[in-house]
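Take any residue in the sequence shown, note its place counting from 1, add 105, and you have its number in my numbering.
I should point out that these hints are in silico values taken from the structure, not numbers from a laboratory.
Some hints could be false.
[Said to hold, decoys possible] The list that follows gives simulated cross-link-like pairs (lysine-lysine, DSS-like), each with its CA atoms no further than 27 Å apart:
1) 113 x 139
2) 124 x 289
3) 289 x 139
4) 116 x 139
5) 116 x 289
6) 113 x 124
7) 120 x 132
8) 132 x 289
9) 221 x 289
10) 113 x 132
11) 221 x 139
12) 221 x 132
13) 113 x 289
14) 132 x 116
15) 289 x 120
16) 120 x 139
17) 124 x 221
18) 120 x 221
19) 221 x 116
20) 139 x 124
21) 221 x 113
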Amino acid sequence: MAEQKSLKQPKLFDKIDAKVEGREGLKTVWQAGKFSLFSVVAMLIQTTLQLILPFIFDRMTTPLPGWLSWIINPGTLSPEQQALYVVAGVVTWGYLLPFFLSNYAANIVTYILNKKYTFKSSAPRWHFVLYFILMTLVIVFSTWLQGVCFGWLGHFSIPEWLNRILVMAPAGLLQFIAFFVIQKILLPEDPALAKTVE
106 MAEQKSLKQP KLFDKIDAKV EGREGLKTVW QAGKFSLFSV VAMLIQTTLQ
156 LILPFIFDRM TTPLPGWLSW IINPGTLSPE QQALYVVAGV VTWGYLLPFF
206 LSNYAANIVT YILNKKYTFK SSAPRWHFVL YFILMTLVIV FSTWLQGVCF
256 GWLGHFSIPE WLNRILVMAP AGLLQFIAFF VIQKILLPED PALAKTVE
């Protein structure tokens with residue numbers, strides 16, 4: 106069987122991992138630190154997609170289905186935003202998808218990174234399925250939150266591209282806390298993987 110090549114974490118991380126091993130409080134703080142570093146990766150992915158995806162989806166004028174229309178209140182959008190994103194009183198997919206897809210992409214990448222490097226877990230695949238369900242719930246809520254903030258900021262003279270970046274802050278904080286707790290629970294440490302740093 107051929108040996109699998111994979112990315113290794115920096116040696117400094119290995120040293121810190123070894124020092125905090127067995128000291129649960131410090132270990133959790135260190136995991137939160139590594140989680141934060143990977144959250145920066147998520148932010149870069151999400152920011153890039155938030156700026157690119159509107160070029161693709163702004164032309165989508167299909168209104169959201171009734172069961173999903175609650176997620177964005179058209180009244181929170183500025184008149185310019187309403188002209189672009191509201192059809193027959195309902196927000197369109199073109200408005201929602203950039204927020205939703207950028208969140209999904211960023212959080213799937215960071216789940217994989219955190220599983221391997223932050224929590225050193227070999228959790229079964231069904232944990233990812235459960236994570237995906239919980240992630241969807243958090244993302245739906247944070248997408249709603251981003252939509253409310255985006256519409257509110259649209260009433261000020263802020264360029265739309267900057268508005269899209271600013272609304273990521275409250276949603277990002279909510280996701281950081283929720284996903285750290287969820288991943289800490291769903292990605293239990295594998296002792297065999299943890300020993301590789303000793």
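Going down the list of hints, with the structure as the test:
With a C-alpha separation of about 14 Å, the suggested pair residue 113 and residue 139 falls inside the 27 Å cut-off, and the hint holds. Using a Cα cut-off of 27 Å, the hinted pair residue 124 and residue 289 holds, with the two alpha carbons roughly 19 Å apart. Under the criterion of a C-alpha separation no larger than 27 Å, the hint pairing residue 289 with residue 139 is consistent with the structure, at around 12 Å. A distance of roughly 14 Å separates the Cα atoms of residue 116 and residue 139; the hinted pair therefore holds under the 27 Å criterion.
Of the pairs offered as hints, the one joining residue 116 and residue 289 holds, with about 23 Å between alpha carbons and a cut-off of 27 Å not exceeded. Simply put, residue 113 and residue 124 have alpha-carbon atoms about 18 Å apart, close enough for the 27 Å limit, and the pair holds. Our distance criterion of 27 Å between C-alpha atoms is met by residue 120 and residue 132, whose separation comes to about 12 Å. A distance of roughly 12 Å separates the Cα atoms of residue 132 and residue 289; the hinted pair therefore holds under the 27 Å criterion.
Taken as a hint, the residue 221 and residue 289 pair is honoured in the structure, with Cα atoms around 12 Å apart against an allowance of 27 Å. Distance hint between residue 113 and residue 132 is fulfilled; the C-alpha atoms sit about 19 Å from each other, no more than 27 Å. For the proposed pair residue 221 and residue 139, the alpha carbon gap of about 11 Å is at most 27 Å, so the pair holds. Taking the CA atoms of residue 221 and residue 132, the gap is near 15 Å; set against the 27 Å cutoff, the hint holds.
Simply put, residue 113 and residue 289 have alpha-carbon atoms about 21 Å apart, close enough for the 27 Å limit, and the pair holds. At most 27 Å may separate the alpha-carbon atoms for a hinted pair to count; residue 132 and residue 116 meet this at roughly 17 Å. For the hint linking residue 289 to residue 120, the alpha-carbon distance of about 21 Å falls within 27 Å, and the restraint holds. Under the criterion of a C-alpha separation no larger than 27 Å, the hint pairing residue 120 with residue 139 is consistent with the structure, at around 13 Å.
Of the supplied pair hints, the one linking residue 124 and residue 221 holds, its CA atoms being roughly 19 Å apart against a limit of 27 Å. A threshold of 27 Å between alpha carbons decides the hint, and for residue 120 with residue 221 the separation of about 16 Å falls inside it, so the pair holds. Proposed proximity of residue 221 and residue 116 is supported: the alpha carbons are some 15 Å apart, at most 27 Å. Taking the CA atoms of residue 139 and residue 124, the gap is near 15 Å; set against the 27 Å cutoff, the hint holds.
Pair hint residue 221 plus residue 113 holds up; C-alpha atoms about 10 Å apart against a cutoff of 27 Å.
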